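Chemist: With the hints as a guide, bring the two chains together.
In the order they appear, the protein sequences are chains A and B. Counting from 1, position 12 in the first sequence corresponds to residue 11 in numbering that gives the first Met the number 0; the numbering is continuous, with no gaps. Counting from 1, position 481 in the second sequence corresponds to residue 480 in numbering that gives the first Met the number 0; the numbering is continuous, with no gaps.
No lab work stands behind these hints, which were simulated from the structure alone. Model, not experiment: these values are computed from the prediction. The beta carbon of each residue, even a glycine, is placed where N, CA and C say it ideally should be. Among the clues, some could well be false.
Footprint (simulated), chain B over chain A, 3 or more residues, beta carbon under 8 Å [as the list claims (entries may be wrong)]:
1. 71 to 77
2. 146 to 152
3. 175 to 188
Chain A side only, calculated, beta carbon under 8 Å to chain B, not exhaustive [to be verified]:
4. N13
5. M191
6. K194
Each computed DSS-like pair below joins lysine-lysine, with the alpha-carbon atoms no more than 25 Å apart [said to hold, decoys possible]:
7. A/K1 x A/K215
8. A/K194 x B/K145
9. A/K31 x B/K222
10. B/K145 x A/K196
11. A/K215 x A/K232
12. B/K254 x A/K192
13. A/K31 x A/K194
14. A/K146 x A/K1
15. A/K195 x B/K15
16. A/K146 x A/K49
17. A/K1 x A/K98
18. A/K226 x A/K15
19. A/K215 x A/K98
20. A/K192 x A/K1
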Amino acid sequence: MKVLVPVKRVVDYNVKVRVKADGTGVETANVKMSMNPFDEIACEEAVRLKEAGIVTEIVAVSIGPAQAQETLRTALAIGADRAILVETAAEVQPLAVAKILQAIAQAESPQLVILGKQAIDDDSNQTGQMLAALLGWPQATFASKVKIAEGNAEVTREVDGGLETLSIRLPAIVTTDLRLNEPRYVTLPNIMKAKKKQLDVTRPEALGVDVAPRLKTLKVEEPAKRKGGVMVKDVADLVAKLKNEAKVI
Amino acid sequence: MPEYVAPLRDMQFVIKELGGLDIVGRLPGCEEVTPDLVDAVLEEAGRFATGVLSPLNQPGDRAGARLEDGVVITPAGFKDAYRQFREAGWPALNGDPQFGGQGLPHLLSGMVSEIWNGANMSFCLCPMLTTGAVNAILRHGSDGQKNIYLEKLISGEWTGTMNLTEPQAGSDLSAVRARAIPEGDHYRIHGTKIFITYGEHDFVENIVHLVLARTPDAPDGVKGISLFVVPKFLVNPDGSLGARNDVRCVSIEHKLGIHASPTCVMAYGDNEGAIGYLVGEENRGLEYMFTMMNFARLEVGIEGIAVAERAYQRARDYAQERVQGREAGVRGGERVTIIHHPDMRRMLMTMKAQVEAMRALGAAACIALDVAHRHAEREERARQQALFDLLTPVVKGWCTELSIQIASMGVQVHGGMGFVEETGAAQHLRDARITSIYEGTTGIQANDLIGRKVAAEKGMTAKAVIAQITAFDRELAGASDPALIVIRRALSEGVAALNEATDWLLQTYPYNIKAASAGAVPYLELWGTVAGGWQMARAALLAKQRIEAGSTDLHFYQGKLATARFYAEHVLPRAYACKQAIVHGSASVLALDAAQF
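Here chain B stands alone, though its shape is the one from the complex (with noise of 0.2 Å):
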């Protein structure tokens, strides 16, 4: 049995079956996305994870990347794969047509994406990164620009970085140092980048980087930011390549995970300053990077379910190998594989239910943000928009959260041998580790969540999402099955708590601040979790439907339905847990004095 094989089943059912397609297959620009060839697309994308990039993840995990003489050198096989994932056509799956992409809906890609990653996602950062470094230079870059490295981006031929970080401006980008001095029709970029995930490396002849400096008279602050575009080549007027920039990789950094992929130390302008052309006006730089951000947010919650599949496909086919005692209740029985064992269902089923309501939900993100892009009417786009903003910091936080647990569940259901680096469940705990972090920290997004998603549209969007689940409730309100009537009083229990936890925030944000982002997290936990389970709800109701239809495909649907009564039993609870800390708690989360830690 290969180690990973990608859950098309689950992913045709969520595209094709959940509503999606129907939506996005109506949209200009998509008409040539039919049922065919999203399957011709997920299994093609399936047989290569499987049988490029899976094989090389643990190896890849082992040797790590390493950094000799300012190169840094890939583990090995990566390069090679690189290039045929290129060739593949891969990276260009989502680009714009214009400069050579397919055009493809997120929709599609994204379930692509968790396809690369949870078959390596040490190697699928750099794609990642590269676009959005594409969609930052579409987005706001001069036509020029775009004309110099989009096509070659979006191929893959070059790959692009995101340099925000440096040492005293992490979470805090207001404190950003970088330098940048203007000389004629460019600017010399001066100062240290750290944690530039493939920074350097030796897949690809030339790198281009999207770094955010200040120029010589730029206000303080976050206002004061602009982003340019410095590639470690420039590039002559035919396109071929000149002068090395003055740009170096001086260090990696040693990690808990992704050994594979390099998070570089990036050193720019240690001689005469590295040549970086603004992208689009001074000091906008910050809004310009969010462009990159809330995609790479969004990547970066699939990265989450990804790993969380992963772990759970191993935890499964090692539950179903490992003889381990006996049947409960069953005397003098055989010895029995391990998945016989109640607690181990427990888990397994912990670990799959979260990732179908995760992988539902992060498609209903890609969804929203699909029509936001590509809908005739302005309304409806930018309702959709707010919808793609709301789910974001929900996606990108809850599901990293839990591709966490999960992964750490996945150890546990190895017992002593997930502790034993050979078995490779560690590596999956290991590398979910950091999806909770980059890309703004879990935190960061509950802020997001609270502050600008939330309060700042005084609960519009907010507010619309729970009508919607709440106007659900009659669809179920008619179901005589009892796995359905479960789900839907668990399903009212939760978004009820999260509608009263949502008016207390409204009420509580304008006048106490502190109060409010004291339950943040708990918030974002909250949406997740409801939202969630509004997925798994409404995907419980349609196999119910298949089945009375007479499908044949009752292994599947059957399945659906006990998973999603097990998510409404075991998940949905917390929901309540997570109201009762943010409406009640946030006095004593800060009862004490910093003094008294």
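Excised from the complex, chain A in its bound form (with noise of 0.2 Å):
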């Protein structure tokens, strides 16, 4: 059977992210950037369970800018067989990356979408539930477990009570969670093999997707700083401050 998963390039994990002078985003123009943590448990996943003999073949999608090519060539090292780009310079919110996905779905007939359950510049957590949704796939998100076997996945999801198990009929969309896998450190010999794989590249509207925003950014600036903390006196002190200063009790 046939995957897909779909990458997205964002700001590293590691940079400390900067709001741009003028509050209209946040600084990208030279900063490390590298594959969203969960969409790289995403691929780990997809290639554990191409390597248990499940999965045939692994298609890695991203949309974004040129740039982008060289998150799907780490998709690739990592084990994917060939690559996707939708390349576009324009802001792709979550439902327009959901219509891409869904035109690529529809083309490339895979029986299981892996992604991550959020990418971690904008903490959107939607785009594997819109997707879900247009395709009219079953979906389980937030997935810690993953178990496929004749035509369903069995799915166990990190949930705020704890954890759950569902069983949906393929194909279907399944989002990770931090603890599905450990993903791997890419070897050489896959780096080397990763330059020689098939990369498409299409645009948007070769699939028909407008991806004008529906939404608009007014303003984005910095968390507010974390101000000093202060001793009390005792639990009275305490007690006092929670009520009148803080408002909480």
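Modeler: Here's what the structure looks like:
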């Protein structure tokens, strides 16, 4: 069976993000970028399914500028078989991402789309859910365990109350949580091989998707600086402060 | 924040922008070495280094390697890290593709090597020496030896060692006494070797020792030394492992630094004699060993750069965090992090500027080596080999001496906390300390430089480099940028000092070798200082051009320009002092009788 793994190019998790001086977004020029860590987990899971003999082909997809090819090369080095870049310089919001992925899923007919539960840049946590709705496929989000058997996926999900296990019919959408697996280090021979794997480039228009944003960002600013703490004299003082200053009790 | 992050931006700048890839990418066999491959390799190496090797650095230093019943046990985590390192295919980075290597050029593998050493120098010594063994067998071994050993060494399934030193034969290898007695198709080796890095360990099942020894009727001195390959376990014709050879680790050293790397005393032939196989011809061992040695010297220079970078990162992070005192000249201001204090800035700039200069110079040596190995034309190969030969002692000697100074400065930035082992700053100083000693001390490098590399060819290559630096002055001539004006002046003064010292050396060496030798180390330092300044000037000019062309990466390019200026103002003037000591100071070096000390 075929698996589709959407991957997003984001600011590297080690970078201290800075807000642009004009408040229109965060600084991404000349900042180290890498694959969204949740998507890396998705790639790893797909490769493990392939190694287990369940999956036969892994197709990685990314939507973004030409540099997103680097992110796709990383996916190919982890073990994807080929890659598709949907190239656009525009801001692509989750609904547009889902529509593009819908078009690709319809063309590729994968049995499984596995992707990060969210991207660490905007933390939207929407794409997987929207994609499932658009395709009319079942979804299992926040996966910490995935088992594929007889046309079903048994997915253990991390929910507020603990763990929940769902069985869903394939084709389906799975979004990954942190504990699903620990991604491997890419090997040198696979870096070399990744250069030679197929990477197709298309555009949103070619897929018939209008990516014009539906939401408008008004302003981006840094969170308020944390103020220094104070030592309280005793419990009575604490209670008084909670009542009168913090007004939480 | 992780403890060590590979300095990818500067590495990419040196490889891709400073001109290295333009040269190396065109060489035969380097067609695949494209900018995106360079990025991918550096990034993944950086991830592995930060994630796997760096976290073991300090625990490895504390635990150290142990010897129990003839078995060396490396610190917790090292064996598993080596397994991951091998499975990821990293040992094969620059190996010959004919034997399973990836055949990537030194320009790239040198940078990757810096990443490994920056993360964990003790760990890296094992693969480094293995590569040295591979080079020796590849160049001088028989086809049979190549088939038995190369694939497994290149993949890292087995590791290699270099066995030169004996208690009475350190820098002077003519005193080697280990014996090799012919017996059929092999020899029996007897003798003791000391300071054998990773001579015994638990990473892999077989260790391939390359050993210098004398055959029974060999001439005295260095012309009577042969090279043998002595595997820990003999290898059957089908490649499987046979009997345990008569070679054992009898003790490991307690050292100032690199605690996790086992430095072994190896006993050959305590019983029936260790079986060894001759590499190449008898009595040519030292010549062959220099194949390993020159590569190893470059690598040790890179170790120096790596530890200096790590010491810099740690000092910088500490200075950004530690709050102490108020900003000079600000009345009643708030307490500030120590990076606000001018002397901290001076120390951090001294570290940063010299690390960047060393990195660019190390890359220049790697480029020369790549061209020397791969260029289609023989003349160009020879020219670049001569350049590499000249730069090898400079990179080895200068980068390692500076790395000790830089690591020491890293301790200084931490103040009292640097003297405490807990912060980790002291480990870098202790680890760096060996780099100016092994694979030939700085004194040995300097003698090699003035004798074999400069005087022997009447300064041909040295003068060619000096001419190149002088010619570069013309490129700086039109600059109106104040930093470039300062850099130009400092570089021209530096190269004038280098030229004068070289002329003096060429005149003095043939008739007064003692006077010439008295100034050998200052001459090596002079070379490093000026050649490093040349690289920084090239970087500065390029940075200025990028800024003028509207680059948005001002953070990097402005930083580069300012750092190069600092180098010109604070480091390059040392060239004059070196020259004065060389040209005028030899007599006082030798003035006293030995008894007067």
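Chemist: Now tell me, hint by hint, if it's right for this structure.
Modeler: Checked hints:
1. 71 to 77: holds (count 3)
2. 146 to 152: violated (count 0)
3. 175 to 188: Check passed, 5 qualifying residues.
4. N13: Where the cut-off is 8 Å and the nearest Cβ of chain B is about 7 Å from A/N13, the hint holds.
5. M191: This hint holds: A/M191 lies near chain B, its Cβ roughly 6 Å from the closest one there, short of 8 Å.
6. K194: Holds: closest Cβ of chain B sits about 6 Å from A/K194, inside 8 Å.
7. A/K1 x A/K215: With a Cα-Cα distance of about 36 Å, the restraint between A/K1 and A/K215 is violated, given a limit of 25 Å.
8. A/K194 x B/K145: Roughly 30 Å separates the two Cα atoms, so the pair is violated.
9. A/K31 x B/K222: violated (54 Å)
10. B/K145 x A/K196: Distance ~32 Å between B/K145 and A/K196 Cα, so the pair is violated.
11. A/K215 x A/K232: Violated, because 48 Å separates the two Cα atoms, which is more than 25 Å.
12. B/K254 x A/K192: Distance ~43 Å between B/K254 and A/K192 Cα, so the pair is violated.
13. A/K31 x A/K194: holds (21 Å)
14. A/K146 x A/K1: This hinted pair holds, its Cα atoms lying about 15 Å apart.
15. A/K195 x B/K15: Within the cut-off at roughly 21 Å; holds.
16. A/K146 x A/K49: holds (12 Å)
17. A/K1 x A/K98: Status holds; Cα separation ~20 Å.
18. A/K226 x A/K15: holds (20 Å)
19. A/K215 x A/K98: holds (19 Å)
20. A/K192 x A/K1: Holds: A/K192 and A/K1 sit about 20 Å apart, inside 25 Å.
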